[in-house]
Each structure stands twice: as C-alpha cells, then as structure tokens.
Amino acid sequence: MWRLPGARAALRGVRTAAGRRCRAEAAAGAMERAVVRCVPSEPKLSLSFALADGSHKNMQRDQSEPLGRALSRIATNALKGPAKKSRKSRPNAGGGAACAGPEPVVKLYYREEAVAEDVLNVDAWQDGAVLQIGDVKYKVERNPPAFTELQLPRYIMAGFPVCPKLSLEFGDSAGSLFRWYKEAAPGAPEPEGGGPSSLSPSSSSTWTETGVEERVYTPSNADIGLRLKLHCTPGNGQRFGPSRELESVCPVEAGPGTCTFDHRHLYTKKVTDDALIRTVSYNILADTYAQTEFSRTVLYPYCAPYALELDYRQNLIQKELTGYNADLICLQEVDRAVFSDSLVPALEAFGLEGVFRIKQHEGLATFYRKSKFTLLSQHDISFQEALESDPLHKELLEKLVSYPMAKEKVLQRSSVLQVSVLQSTKDSSKKICVANTHLYWHPKGGYIRLIQMAVALTHIRHVSCDLYPGIPVIFCGDFNSTPSTGMYHFVVTGNIAENHEDWASNGEEEKCNMSLTHLFKLKSACGEPAYTNYVGGFHGCLDYIFIDLHALDVEQVIPLPSHEEVTTHQALPSVSHPSDHIALVCDLKWK
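Residues 15 to 605 (the numbering used here) make up the sequence shown, in order.
Treat the hints as calculated values from the structure; they're not laboratory data. Predicted model only: the values in this text are computed from it and were never measured. Glycine included, C-beta positions come from ideal geometry on N, C-alpha and C. All the pointers check out, no bait thrown in.
In silico SDA-like cross-links for lysine to any residue, where the CA-CA straight-line distance does not exceed 20 Å:
no., residue 1, residue 2
1, K537, S498
2, K605, I485
3, K440, S391
4, K284, G173
5, K384, T282
6, K179, F364
7, K384, T439
8, K384, K444
9, K151, S86
Here are the in silico distance ranges between beta carbons for each label pair:
no., residue 1, residue 2, range
10, E422, A188, 48 to 56 Å
11, C264, V415, 51 to 59 Å
12, T439, Y281, 18 to 26 Å
13, C479, Q305, 40 to 48 Å
14, C479, P319, 46 to 54 Å
15, D132, A64, 22 to 30 Å
16, S391, V150, 47 to 55 Å
17, M73, Y281, 50 to 58 Å
18, C264, A130, 48 to 56 Å
19, G551, D288, 39 to 47 Å
20, D132, M73, 15 to 23 Å
21, N235, T162, 29 to 37 Å
Can you build the whole structure from these sequences, using the hints too?
And the structure:
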C-alpha cells in the first residue's frame with residue numbers, strides 16, 4: 015500500500031509508463047494476442063483472437079474437450095471470411111473457381127514444445143503458451159484482466175464529473191489505465207504532420223487528448239457541444255488485458271449554473287483527518303416516484319420536466335455527493351439500478367464502497383470511505399418480519415396484539431432498517447454501528463412510526479451492546495417526523511407516554527396506547543433545521559443524523575442552503591437541486 019508522500023503522483027507515473035509501454039509494443043508489431051477465459055465453475059472456455067484479414071474470432075469450447083478438436087475448429091475458422099470468399103470467386107486458368115487451398119497448420123506450443131492433441135482444453139491453454147495459425151503466432155493470455163461491463167452516462171454536463179460504469183474480472187479499476195479524449199471538431203480531418211489528435215476507426219471524428227488519465231473526467235465549458243471518448247485498459251497491478259474504447263452518445267451540454275450545494279462544497283473541499291467522521295444523510299428521491307404523472311402534475315408541477323428525468327438528476331446527485339468528501343453516506347429512496355449503475359461507479363472512483371438494502375421498488379444505501387473503514391458485518395431487517403418473528407420484539411408484539419386494527423396496519427408496511435458495523439482501518443479497537451432507515455410516510459401514520467422506531471432501537475441496541483459491546487451508534491434517515499412529533503420525542507428523551515396524542519394519529523379505531531422506553535442517549539447532530547424537505551405544499555424537518563452522546567461529539571455542521579437558494583425555482587426538486595429533500599452533512603469526532 016502506498017504510504018509515502020507523493021504516492022498518488024508515483025502511481026500515476028507507473029500507469030503512464032505502463033500505458034506508453036502498451037502503445038510501444040503495439041507499434042513495434044509485438045506478437046498478437048489470443049485471449050482465453052477459463053473459469054473452473056463454467057463448463058466451457060472462450061478463445062478470442064484476430065485473423066490476418068482483420069476479422070475477429072470468438073469461440074467457445076468444452077473444457078473437457080481434447081485440444082486436437084479445438085485446433086481443427088480453429089483451422090476451419092481461419093479459412094472463413096473475406097479471404098476465402100475472394101479465392102472462391104476468382105476464376106482459374108481453366109475458367110472454374112479457384113480452390114480455397116488447404117487448411118492452415120494450427121499448433122499450440124508451451125515452452126517451445128508442441129502440446130499433445132489429446133491434452134484437455136482446460137490444461138492445454140496455459141498462460142504464456144503460443145498459438146500458431148499458419149505463419150502467424152499468438153501469445154496466449156489466460157484470464158487476463160477484462161471488462162465485463164463498460165458504459166458512459168447518456169447525459170453529460172460541463173462541470174459535472176463523468177463516472178463510467180465498469181465491471182471487471184481478474185482485475186480492478188485501481189490497476190487499470192484510463193485516457194480521455196474530446197472531439198477536436200466533428201468531422202474535421204486529421205491534422206497534417208501528426209500531433210495529439212487521432213482519427214477514430216469507429217467514426218469520422220477527430221479526437222484530441224484531454225490530458226486526463228484518471229477514471230473520472232469533469233468536462234469544462236470548453237467541451238460543450240463536443241462528444242467524449244474513453245480509452246481504457248483493464249489491469250490488476252501486474253498485467254493488462256485487451257483495451258476498449260467508448261464514445262459518448264451525446265455531446266457535453268451546459269450545466270444549470272449555480273446549484274444549491276455549490277456553496278456547501280466550500281466547507282468540504284478535503285477529506286477529514288482520521289479523528290473525524292464526515293457523515294451525510296440524504297433522501298435522493300427515487301426515480302420510481304419522480305417519474306409518475308402524479309409527481310409531474312401534482313407534487314412537483316413547478317419543476318421543469320427534464321429536471322425530473324433520471325439522467326439529468328444523476329449528474330447533480332453524483333456531483334453533490336462526491337463534493338462532500340464524506341466518510342459515511344446514508345441514502346434513502348435509492349432505486350436498485352441507480353445504486354449499481356450510477357452511485358457505485360461514481361462514489362467508488364472517489365474512494366467509497368457501498369451496500370444496498372431493497373425495500374420494494376427502492377431501498378437504502380450506505381457508503382463508507384475505504385481508507386478509513388472496513389465492513390465487518392451487516393444486520394439489516396424488515397420491521398414487519400422482525401416484529402413478527404424475532405424474540406427481541408416479543409414484548410412489543412404482545413402489547414400490539416391488544417390493538418388488532420393497529421397491528422394489521424403496522425404489519426402491512428414494507429419499511430426496512432439497514433445496519434452496518436464498520437471498523438477503523440487505522441485502529442482496530444474502534445468500531446461503529448451505522449444505521450439507516452426510511453420510516454412510513456403517511457401524515458396520519460404517527461403511531462406506525464413510533465412502533466417502527468421502537469423495533470429499530472431494540473435491534474440497534476442488540477447489535478451495539480450484545481454483538482459488539484459498547485460500540486457507538488450513528489443513526490441516519492428520513493424519519494418522516496418533525497421535531498414536534500412523538501417519534502422525535504421518543505428518540506431524544508428515551509421514552510413515550512401511553513397517552514401521547516400520536517398513538518391516535520389515525521383516529522380512535524387504530525388507537526394503540528402503550529408506553530415505550532429505550533436506553534440510548536441520542537441527539538440530532540444537525541439540530542432541528544426549519545426544514546429538510548421543501549415541496550410546493552409542505553416544508554418541514556423530516557431528516558436527522560442521530561448520534562450516541564456517550565461516544566461522539568459534533569465538530570461542525572455544514573450549513574444548509576439558504577432559503578433564497580432553495581426557493582430560486584419555487585421549491586424542490588428543481589434544475590439546480592435533484593431531490594425534494596436536502597442533504598444533512600456534519601463532521602463527527604470520537605470522544
């Protein structure tokens with residue numbers, strides 16, 4: 015692991031040198047590649063190589079097949095394509111078609127000795143072997159690093175980081191090489207005398223190097239109207255696999271100007287030191303809710319339709335989250351595809367790793383900074399399932415049985431709790447329990463939220479006291495409860511009386527009077543803002559970062575956007591803010 019000053023620059027130098035070496039080998043006419051993918055759990059292996067006529071061959075053969083049969087198939091394949099067709103159609107001296115000629119000699123060598131044809135494919139195709147097809151030799155690369163998925167976002171804006179979605183096998187993004195290009199001028203000819211531009215074989219565009227050799231590229235205003243291209247070579251720190259290129263579908267577009275979070279980023283320019291934990295809690299507005307006719311016409315009629323589209327909002331969400339340089343990020347209303355296709359690649363590129371818990375159509379995501387924390391264990395629950403089946407909640411369930419209408423409503427809810435136990439990478443004695451939830455939303459569901467919170471706190475106490483005795487708790491979420499509600503009172507005081515008005519939040523029929531207590535000492539790290547949710551018909555504080563007062567202090571709270579910023583476009587979401595909620599951000603420190 016790099017620990018010396020200038021390590022990032024040194025690593026960049028290694029990557030640059032490796033990239034130059036790759037290009038130099040290609041230019042010098044190094045031996046062609048034959049890439050073999052052979053995984054023990056799969057019955058077939060795949061073989062990929064390019065023929066002299068430029069065509070590319072991809073074959074799948076049984077791992078248990080004798081090598082001789084595979085070589086014979088390769089010989090037949092080598093005759094297929096443009097070369098064979100031209101020979102067939104060319105007349106000979108007698109007026110007939112020319113003979114295609116004999117199949118080329120195909121052999122596999124290992125350490126300069128021919129591999130016997132009765133050796134099974136799984137054993138024959140070793141790394142470093144040489145495949146000979148006629149006069150052409152191929153160096154066999156068995157299971158080199160390779161991209162299984164590589165994709166650029168459809169919508170790209172100036173000033174917003176472009177984070178390609180990628181998946182690798184036999185490699186990792188940290189060991190891979192990236193090089194970004196932009197269109198010099200659409201359709202322009204290649205400059206005379208060479209230079210930094212190159213003509214892409216896949217288009218008529220001329221490309222200019224941007225100078226960026228990192229996974230993430232942030233386009234500038236000078237890039238507006240131009241498409242981007244990414245050349246990437248998968249690696250694992252020791253060797254590299256076949257390179258691939260991607261071109262953006264659309265050109266870079268102008269951004270929305272100043273966003274609600276731009277001023278907040280002035281407070282979070284750097285990652286905090288080891289004594290602090292920068293924590294973010296944010297309901298990012300699920301696409302499954304933003305894209306309904308009800309949302310467009312009733313909930314958010316003031317929001318420009320394009321600003322509700324996922325491709326647009328993802329740009330804002332990625333820029334906002336990466337700009338906080340957080341150590342912990344707890345997100346609510348996360349679509350599964352948004353987690354895997356957008357958040358993971360974007361936040362991974364900035365040093366964070368994440369876990370996801372689905373609810374129904376969307377769920378919860380918790381990300382942590384890999385340089386500071388490792389994930390020890392996960393203890394997620396569904397409130398409904400835990401209440402019905404976990405002995406921890408037996409007493410609460412017995413109280414609820416006396417109120418059948420309320421019990422039925424509580425057990426119909428799909429809300430979940432995500433609990434992750436993290437350990438400090440610098441001090442293994444420091445562990446922390448990070449909880450994340452999104453409680454039931456309905457305005458009349460106060461008593462349901464009280465029950466859900468009681469289940470949550472009992473479960474979190476089990477994790478932080480029984481499984482990992484004495485570890486501190488950070489509890490984030492959208493609790494759908496203002497500071498005047500019973501749920502908030504219960505959390506910060508440790509008890510709720512059986513006659514509290516919230517037990518009858520949905521009328522006498524569903525009323526369920528009971529007293530509840532918990533033993534935590536919790537407080538809202540960001541206090542009680544005027545609002546964390548601001549839509550056309552409502553604004554109020556619904557989101558909190560609750561912390562364990564015995565173990566954690568608040569170092570600083572990152573100021574929320576000003577009221578003027580929030581209401582510039584009437585309400586949220588807007589062209590400059592991707593959600594109807596506002597992120598809570600604070601720096602916590604160990605006591």
